[in-house]
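> With these hints in hand, go ahead and build the complete structure from the sequences.
So the sequence lines, in the order shown, correspond to chains A and B. Oh and the first sequence: position 352 is 352 in this note's numbering, straight run, nothing missing. Oh and the second sequence: position 112 is 112 in this note's numbering, straight run, nothing missing.
In short, the hints are calculated from the structure, not lab data. All values derive from a computational prediction rather than experimental measurement. Ideal placement from N, C-alpha and C gives every residue a C-beta, glycine not left out. One or more hints might be untrue.
Reference listing, derived: stretches of chain B covered by chain A, where coverage requires no fewer than 3 residues with Cβ under 8 Å from a Cβ of chain A [claimed, not checked]:
(1) 46 to 57
(2) 62 to 70
(3) 145 to 158
(4) 264 to 273
Below, simulated BS3-like cross-link-like pairs (lysine-lysine); rule was C-alpha separation at most 27 Å, straight line [claimed, not checked]:
(5) B:Lys-292 / B:Lys-2
(6) B:Lys-112 / B:Lys-182
(7) B:Lys-144 / B:Lys-292
(8) B:Lys-144 / A:Lys-438
(9) B:Lys-23 / B:Lys-112
(10) B:Lys-145 / A:Lys-16
(11) A:Lys-462 / A:Lys-209
(12) B:Lys-2 / B:Lys-196
(13) B:Lys-121 / A:Lys-438
(14) B:Lys-226 / B:Lys-182
(15) B:Lys-226 / B:Lys-292
(16) B:Lys-147 / A:Lys-16
(17) B:Lys-2 / B:Lys-121
(18) B:Lys-23 / B:Lys-144
(19) B:Lys-145 / B:Lys-292
(20) B:Lys-185 / B:Lys-283
(21) B:Lys-144 / B:Lys-247
(22) B:Lys-247 / B:Lys-209
(23) B:Lys-196 / B:Lys-222
(24) B:Lys-145 / A:Lys-438
(25) B:Lys-232 / B:Lys-196
(26) B:Lys-121 / A:Lys-321
(27) A:Lys-16 / B:Lys-131
(28) B:Lys-229 / B:Lys-218
(29) A:Lys-16 / B:Lys-292
(30) B:Lys-147 / A:Lys-438
(31) A:Lys-16 / B:Lys-121
(32) B:Lys-182 / B:Lys-292
(33) B:Lys-144 / A:Lys-16
(34) B:Lys-171 / B:Lys-232
Here are some of the chain B residues that sit facing chain A, going by a computed Cβ distance under 8 Å [to be verified]:
(35) Gly-38
(36) Lys-222
(37) Lys-226
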Amino acid sequence: MNNEIIQTLLFWFQEKRWLIITLIIGIGLYWLPYPETISPQGYRTLILGIMVIMLIITEPVPLPAVALLIAILEVSFRISNPAEVAQSYMSDAVFFIMGSLMMGVAIVHQGLDARLALAIIRITGNRVRNITFGFLFISAILSSFIGEHTVVAMMLPVAITLIKNVSNHRDIPNLTALLLFSIAYGCTIGGIGTPSGGARNALMLAYLKSIPENGISLSYFDWMLFAYPMVIIRIFFASWLLRLAFVPEIKFLDTPIRRLKVQVANRGNISGKEILAIIIFMIIFLGWVFLNERIGMGIIAISGAFLYMATGLVSWNTISKNTNWGVILLFASAISLGIQMKNHGTAVWLGNSFIHSFQFLLDRFEMLPYAVSIVITTLMSNVISSSATVAVLGPIMLNMGGDPLLMGMTTAVASAFGYFSAVAAPACMIIYSTGMIKMTDFLRAGWRVGIMSIIVLLFVLKFYWPFLINYLEL
Amino acid sequence: MKFLLCIHNQSEATRNIIRLTIKVAEGFGADLNIIVVGREASGFMESEMSITHQSLSEWNLNQPGIDLLHWAFNRIIEYGYINEDPNVFQPENFIDENNRIRIILPHSSGSKVNLILRHGKLLNELRNETKENQYELTIIEKPKKNKLTHHLIQFLNSSIFIVPNFDPNFKYPILLGVNDSKYTKRAVMYSAIISKQFGTYVESLTVSKTTKFRSGYKNASKWADKYLKRLKVEHEFNLITGSAEEKIIEMAGDNHIIVIGQADRNEIRKYVFGSKPIHISQKANCPILIVK
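Rendered as structure tokens:
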């Protein structure tokens, strides 16, 4: 074999080594004797879970390929039959994720970003402190309803335009970081506010529903009652902490704001199409709040996508080109894996093993499962991503002791604590990819906002959520 | 002949590497291609990144990476590699070429300079770029991770110039590693051109583990001597006993440019154990050119 062929093979090995290692571990575990306390199917589901975690973390193959592998192995490992596997891939949660992503694409393409910019600067004026708070507040509120990537796509051009208007004249690294982090952290803070704030929330709802014997059904509004107070509290704290981390070089943005106003004014008055886009979203939001128990959040979400296309506000081509179909497929496969974990007792077995091993600690510290969930979820979401973390950890965490609903909400909320790295959330990755901030800036701002968020979560977990569970009789 | 310069930021170090590249490219009469490899987004975020890029372009803002290329373009004008109006760098001159954005420059500079933006893993993208476009030499700042340095040297289809630091005001002598590798002859040719370009001399070093030098080593040394004499390159020869890696790193210090041929070693052994050029490039504190 000549050197070029060997080099190509070595390069392939270098790129795919984690796929090979994962397959070897998976096949090795398959042939090993399994514990008697778990069924054969349950044990094979566990092996599949381990393989999926390894593949999502190391990403040697595209994520949609991992989604396909889950279906292949669910059948090949004789965990389930092909018809059941196919059925488990589609559910209301998958419709919900798909519809929300499609609506996000539709909204981004309406040019509402200019209106948004104008609205913010009309309220905040030219004071930097108010502008950054306005960015963070609006990003958080919007991303709680329409998904953080949609919001960051609308807000980033506004922030960069402002930054460029100033940085032509002077060096402003702190102001740059402050504006960009206000958007990114605003989006991650808001993303937990409602089920439509992020696919991970919908995924957690699906996992909660699939808890063995007595699945928990949370409505759109129930979720808001649980999560929204945290969003509001953290908006104020985060805005203050970000200003401590990045003390802006200038206090007022007079000329840049005037320039931005001129730029936005050139786009003319709000059009009928833009008003229609807002009305459709409002209808869908009201549908989620009032009709979700009758027709399901997924059906309402895809109705929104349908309305945007039917009214001609967005073309199918645009939706098709910009929707992350791979992620939808991956979440569908994660839900399918969650169903198999429930059906074959894998999740319960894992939870019982944890409880059994740490019984002596659990007896003393009732908050331990929640603390473990917060630590593991936060760490993992900073290494992989928040969505991936919920996808792989969700079913396990629900069975690790403690109240399943509280564990589920804790995991979903903590998965948004990816403040320490750029990889945790699309919003963080997007601001990092501008090249205007450094990786160390994430640590500089992240430790403050991260610790604050953990404290707020523990406080809410201890005092507010138990009260809410009693109040809602969940 | 085409050279590829990979840059990551607008630092002083990058400025110096651009100046080094221009000097080397002028010596070889090579075209200069500058590439920026944008950070790879996780599969969870690809579409989100793409939507944001579209949104930025609607505001007439460049997507990440383009501004860095613009900055590099201004630097090559500033350092006199091309004589061009900086305003020719226009957004409408971007061409999207299958996972690669190329900026078309008008006039004579268009045939001399290419500006390229790719997104993905650095190693993958540079390998694809060098494979698809047949570059003679890739120039890159020394990676922080030794493993990446190893893989770049092994998997790129071009010679590679790894630069940890470079002072444009210093005249770096060339430290030429000579052994019986089939790539040594090309390394000698490269060293001659670079030394002439920098107006310095070549220190040739042949290192043997034992006091008895293999005939291959002696022949290579003689050939290099003859070649450099013919080109009237000022040079001196050293035959030393010891470890080649240690001696070359010791002699180079931080004030030489090391030029060395790629190891003949089998690719699998190179992947597992590395090679002399790989180990030297990982440890050296001066620019090192590995000729393939």
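> Confirm or reject each hint.
Status of the hints after comparison with the structure:
Check result for the stretch 46 to 57 of chain B against chain A: holds, 10 residues qualifying (beta carbon to beta carbon below 8 Å, three or more required). For the stretch 62 to 70 of chain B, the stated coverage by chain A holds: 4 residues have a C-beta nearer than 8 Å to a C-beta of that chain, and at least 3 were required. For the stretch 145 to 158 of chain B, the proposed coverage by chain A is satisfied: 3 residues have a C-beta within less than 8 Å of a C-beta in that chain, meeting the threshold of three. Residue count for the stretch 264 to 273 of chain B with a Cβ under 8 Å from a Cβ of chain A: 4. That meets the three needed, and the coverage hint holds.
Taking the CA atoms of Lys-292 of chain B and Lys-2 of chain B, the gap is near 14 Å; set against the 27 Å cutoff, the hint holds. Simply put, Lys-112 of chain B and Lys-182 of chain B have alpha-carbon atoms about 31 Å apart, too far for the 27 Å limit, and the pair is violated. Note on Lys-144 of chain B and Lys-292 of chain B: the hinted pairing holds, with a Cα-Cα distance of about 23 Å set against a maximum of 27 Å. With a CA separation close to 16 Å, the supplied pair Lys-144 of chain B and Lys-438 of chain A stays within the 27 Å bound.
Proximity of Lys-23 of chain B to Lys-112 of chain B is assessed by CA-CA distance (about 14 Å); at most 27 Å being required, the pair is judged to hold. At most 27 Å may separate the alpha-carbon atoms for a hinted pair to count; Lys-145 of chain B and Lys-16 of chain A meet this at roughly 19 Å. Only pairs whose Cα atoms come within 27 Å are accepted, and Lys-462 of chain A paired with Lys-209 of chain A is accepted, the gap being roughly 23 Å. For a cut-off of 27 Å, the pair hint linking Lys-2 of chain B to Lys-196 of chain B stands: about 20 Å separates their Cα positions.
Proposed proximity of Lys-121 of chain B and Lys-438 of chain A is supported: the alpha carbons are some 18 Å apart, at most 27 Å. As the CA atoms of Lys-226 of chain B and Lys-182 of chain B are separated by approximately 17 Å, the hinted pair is consistent with the 27 Å bound. Proximity of Lys-226 of chain B to Lys-292 of chain B is assessed by CA-CA distance (about 21 Å); at most 27 Å being required, the pair is judged to hold. Restraint check for Lys-147 of chain B and Lys-16 of chain A: the C-alpha separation of about 16 Å stays at or below 27 Å, so the hint holds.
Of the supplied pair hints, the one linking Lys-2 of chain B and Lys-121 of chain B holds, its CA atoms being roughly 22 Å apart against a limit of 27 Å. At most 27 Å may separate the alpha-carbon atoms for a hinted pair to count; Lys-23 of chain B and Lys-144 of chain B meet this at roughly 25 Å. In summary, the hint linking Lys-145 of chain B to Lys-292 of chain B is supported, as the alpha carbons are separated by about 22 Å, within the 27 Å threshold. Simply put, Lys-185 of chain B and Lys-283 of chain B have alpha-carbon atoms about 24 Å apart, close enough for the 27 Å limit, and the pair holds.
For the suggested pair Lys-144 of chain B and Lys-247 of chain B, the alpha carbons sit about 23 Å apart, so the restraint of at most 27 Å is met. Between Lys-247 of chain B and Lys-209 of chain B the CA atoms are separated by roughly 11 Å; this keeps the pair inside 27 Å, and the hint holds. Taking the CA atoms of Lys-196 of chain B and Lys-222 of chain B, the gap is about 20 Å. The hint holds against a cut of 27 Å. Between the alpha carbons of Lys-145 of chain B and Lys-438 of chain A the distance comes to roughly 18 Å, so the proposed pair stays at or under 27 Å and holds.
Distance check on the hinted pair: Lys-232 of chain B and Lys-196 of chain B sit about 9 Å apart at the alpha-carbon level, within 27 Å; holds. Taken as a hint, the Lys-121 of chain B and Lys-321 of chain A pair is honoured in the structure, with Cα atoms around 23 Å apart against an allowance of 27 Å. Distance hint between Lys-16 of chain A and Lys-131 of chain B is fulfilled; the C-alpha atoms sit about 19 Å from each other, no more than 27 Å. For the hint linking Lys-229 of chain B to Lys-218 of chain B, the alpha-carbon distance of about 17 Å falls within 27 Å, and the restraint holds.
Annotation: proposed proximity of Lys-16 of chain A to Lys-292 of chain B holds, straight-line Cα distance about 26 Å (limit 27 Å). Pair hint Lys-147 of chain B plus Lys-438 of chain A holds up; C-alpha atoms about 23 Å apart against a cutoff of 27 Å. A threshold of 27 Å between alpha carbons decides the hint, and for Lys-16 of chain A with Lys-121 of chain B the separation of about 13 Å falls inside it, so the pair holds. Distance check on the hinted pair: Lys-182 of chain B and Lys-292 of chain B sit about 9 Å apart at the alpha-carbon level, within 27 Å; holds.
Taken as a hint, the Lys-144 of chain B and Lys-16 of chain A pair is honoured in the structure, with Cα atoms around 23 Å apart against an allowance of 27 Å. Between Lys-171 of chain B and Lys-232 of chain B the alpha-carbon distance is near 18 Å, which keeps this suggested pair within the 27 Å criterion. Checking Gly-38 of chain B against chain A by beta carbon gives a least distance of about 6 Å; that is within 8 Å, so the hint holds. Taking 8 Å as the C-beta contact cut-off toward chain A, the hint placing Lys-222 of chain B at the interface is violated, the least distance being around 27 Å.
A distance limit of 8 Å between C-beta atoms decides the matter here; for Lys-226 of chain B the minimum to chain A is near 29 Å, and the interface restraint is violated.
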